[in-house]
Amino acid sequence: MIQIDKLGKAYNGVKVLDIEQLEIPQGQSFGLVGNNGAGKTTLFRLVLDLIKADQGQVLSKDIAVNKDSQWKKYTGSFLDEGFLIDFLKPEEYFSFIADINGVTKDELHVFYDDFADFFGDEILNKNKYIRDFSKGNQKKIGLFGAIISQPEVLILDEPFANLDPSSQIRLKSLLKDLQLKAHLTMLISSHDLNHIAEVSDRIVILEKGKLVKDLLTSKNTLGELEGYFKPETSK
Amino acid sequence: MKNFTLLSHQWKAATRSVAASKSVGIKIFMGFIFLILFLELLGGGFYLGSELAENSKDPVADLSRYVLYFFLAILVIRYMLQKLPTFMVTPYLNLPIKKNKLVNFILTKPLFNGLNILPLSFALAISTGLHEHLDAYTFWMIVAIVIIGDLFVNYISIYIKRVQIKHEYIFYIFLASVAGFLLLDQFKIVNFQGISSNVFMKVIQNPLWLLAGISIFAIAYYLNFQLLYKHFSLEDFGKGDSNQRSSLENLTYLDRFGKIGTFALLELKMCVRNKRTRTMLFMAPLFLLYGLFFYTKPSYLEMNGFLIFIGLFISGGFMMSFGLYFFAWESGHFDLMLTANNTYKDYIKAKYFLMLSTSTIIFLLSTFYVYFGIEILIINSVCFLFNIGVNSLLLLYFATNNNKHMDLSKGSMFNYQGVGGQHFVLMIPLLVLPILIHLPFRAFGQANIGFALIGALGILGLLFREKLLDLITRRFISRRYLMSEGFRNK
Numbered sequence: 001m002i003q004i005d006k007l008g009k010a011y012n013g014v015k016v017l018d019i020e021q022l023e024i025p026q027g028q029s030f031g032l033v034g035n036n037g038a039g040k041t042t043l044f045r046l047v048l049d050l051i052k053a054d055q056g057q058v059l060s061k062d063i064a065v066n067k068d069s070q071w072k073k074y075t076g077s078f079l080d081e082g083f084l085i086d087f088l089k090p091e092e093y094f095s096f097i098a099d100i101n102g103v104t105k106d107e108l109h110v111f112y113d114d115f116a117d118f119f120g121d122e123i124l125n126k127n128k129y130i131r132d133f134s135k136g137n138q139k140k141i142g143l144f145g146a147i148i149s150q151p152e153v154l155i156l157d158e159p160f161a162n163l164d165p166s167s168q169i170r171l172k173s174l175l176k177d178l179q180l181k182a183h184l185t186m187l188i189s190s191h192d193l194n195h196i197a198e199v200s201d202r203i204v205i206l207e208k209g210k211l212v213k214d215l216l217t218s219k220n221t222l223g224e225l226e227g228y229f230k231p232e233t234s235k
Numbered sequence: 001m002k003n004f005t006l007l008s009h010q011w012k013a014a015t016r017s018v019a020a021s022k023s024v025g026i027k028i029f030m031g032f033i034f035l036i037l038f039l040e041l042l043g044g045g046f047y048l049g050s051e052l053a054e055n056s057k058d059p060v061a062d063l064s065r066y067v068l069y070f071f072l073a074i075l076v077i078r079y080m081l082q083k084l085p086t087f088m089v090t091p092y093l094n095l096p097i098k099k100n101k102l103v104n105f106i107l108t109k110p111l112f113n114g115l116n117i118l119p120l121s122f123a124l125a126i127s128t129g130l131h132e133h134l135d136a137y138t139f140w141m142i143v144a145i146v147i148i149g150d151l152f153v154n155y156i157s158i159y160i161k162r163v164q165i166k167h168e169y170i171f172y173i174f175l176a177s178v179a180g181f182l183l184l185d186q187f188k189i190v191n192f193q194g195i196s197s198n199v200f201m202k203v204i205q206n207p208l209w210l211l212a213g214i215s216i217f218a219i220a221y222y223l224n225f226q227l228l229y230k231h232f233s234l235e236d237f238g239k240g241d242s243n244q245r246s247s248l249e250n251l252t253y254l255d256r257f258g259k260i261g262t263f264a265l266l267e268l269k270m271c272v273r274n275k276r277t278r279t280m281l282f283m284a285p286l287f288l289l290y291g292l293f294f295y296t297k298p299s300y301l302e303m304n305g306f307l308i309f310i311g312l313f314i315s316g317g318f319m320m321s322f323g324l325y326f327f328a329w330e331s332g333h334f335d336l337m338l339t340a341n342n343t344y345k346d347y348i349k350a351k352y353f354l355m356l357s358t359s360t361i362i363f364l365l366s367t368f369y370v371y372f373g374i375e376i377l378i379i380n381s382v383c384f385l386f387n388i389g390v391n392s393l394l395l396l397y398f399a400t401n402n403n404k405h406m407d408l409s410k411g412s413m414f415n416y417q418g419v420g421g422q423h424f425v426l427m428i429p430l431l432v433l434p435i436l437i438h439l440p441f442r443a444f445g446q447a448n449i450g451f452a453l454i455g456a457l458g459i460l461g462l463l464f465r466e467k468l469l470d471l472i473t474r475r476f477i478s479r480r481y482l483m484s485e486g487f488r489n490k
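If you read the sequences in order, they're chains A and B.
Be aware that the first sequence starts at 1, since it is given in our numbering, and climbs by one per residue.
Be aware that the second sequence starts at 1, since it is given in our numbering, and climbs by one per residue.
Just so you know, these hints were derived from the structure itself, not from any lab.
Careful, some of the hints might be misleading.
Claimed, not checked - As a list, the in silico DSS-like pairs of lysine-lysine whose alpha-carbon atoms are at most 27 Å apart:
(1) 490/B - 166/B
(2) 61/A - 345/B
(3) 73/A - 259/B
The shape of chain A in the complex, shown without the other chains (with noise of 0.2 Å):
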């Protein structure tokens, strides 16, 4: 579904990102894993094409995101506050992103219906604008944005940062669903070894831009990863 191709970022001659092979099947839940500056944020910004890569590319369906833009007909994602509109209510969002994508207004409710429990009541008939929301509910809004056009990729950037601990839940088990019902592809980055655990097949680990593991989900990987991320003490 996806493939990165020697793909390289840099910022003021410093490399932020630089994966040589990476190819995620359609269907995967993938999960990515680093700490802060690993370049997690960047590559899907890549994968979405809103920066230039200085070399490489990445493949969309075999064809290169930055050429064509066919992967936006497929592809929903939630990066950061830069997906929403700020002045909108969240009904007037959604109903934007539903027009732009051909859902209609009937569809639209459907998902209301479905995402009942995940917004609470939060979320809609709140006559607030989205800017006056908090950062937990925002981050709501822009996720129930992202999955609207009911895509086949999805692409989500710390989904699991703001939200109360209730909404973790729910959302996990919403992303295991989605997962399995549509059989969606899925990107998605965590600073929760947990969260991530759960929710993906396969766990990638950035670390200065580059890939340093890449593990299929077993029993053992939570384990595994705190390993990896245990701060070393000093002796």
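Given chain A's structure and the hints, the job is docking chain B onto it.
Here is chain B on its own, set in the frame of chain A:
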């Protein structure tokens, strides 16, 4: 010690902000303009003073009749130009600093505003022109009156502005009171000159009255202090205006234009719901009224080149102030626009149609200028064609050059955040090109052919708009990384 720390933080905030490091060009430009205006002010004051010295029997008494107008002018200018003194207060709230101290700190900031030297300089320039008629005592009294009066005006304008954050209607009340003052004065219903003279001659004769001036200044300061102290948590003054039903929600007829309509609706909402764009929207009618300033004077009606300029401004002024930042306005959600399922061309086309429709509406409203002659209507029509055919596309093309993040939550009057020096340069071809086209024809007495040509260019632009929009789209695509990177950089 604490005051010093606060000051040093302020200094750092000012010098380390992104805006400070980026816009050297615009600073030089603004500095230049400021210098010229300052010199003109001094020259004007001196001229006024020396004229009075020559022609008036009692120059001080004559002068005193206009002091009230002088302060009113300062109030209006301060109100428009001066930024509200603010201070990132949240990080200090939990520190052991007294709230009084912080409030006073914020309130002393306007004392160090560069604008403060202007009223006094003007007064000094007048005094210099008048020096033969002034004794030392009167001179110092004038200085004292100007300083104290200006302090009062300064704090009153700040007070109005701060209240206005929460209650926008205050702006209109202010506007209406100034207009009311001018009307009452114009039709001599109230003799403001007499009042002014009474008050200020009294002060000059008896310096004890200065104390009254000082106390009204103290009251103004106290009002400010109260207001800030009460609303210190900034919660009251940060947000505002959200929880209201808006009429735009049900604006569904744009739906039938498909994605372009969706984008256009988004753009409209953006205009209405953000402070900066909203101020611009309120200023749009002013462009329409622009003609009134000039058409009423017969001497201007002879100058074709000038009329073209006005014609361009009437139907294009709004478009020009808005269009050059078409993409920058969306810097807050530009990433979404880039990844959303749409073609770039639809996205750009929506902006194009928005310019087209606003310009058309303003033009249609402006047809009443036919009152000043059919020629005016013809000129305005060709200018309108040029605006929608050529200028709109040029604006879109140039808009791809802007890659500075724009903060829409700040008001727009003289707000240059995110504006580059190139703005002013880019306006030149938009306004000057048609005049240049027209010039040779006028020189040979064929003004009408010149007008026809301007209109024809506009029509050509309309006919070939698809091709030209393709060109702009290509340009947009090649600039998209630079733009999105710049917009992300707040």
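- Message: Taking the earlier hints as the rules, which of them does this structure contradict?
- Response: none
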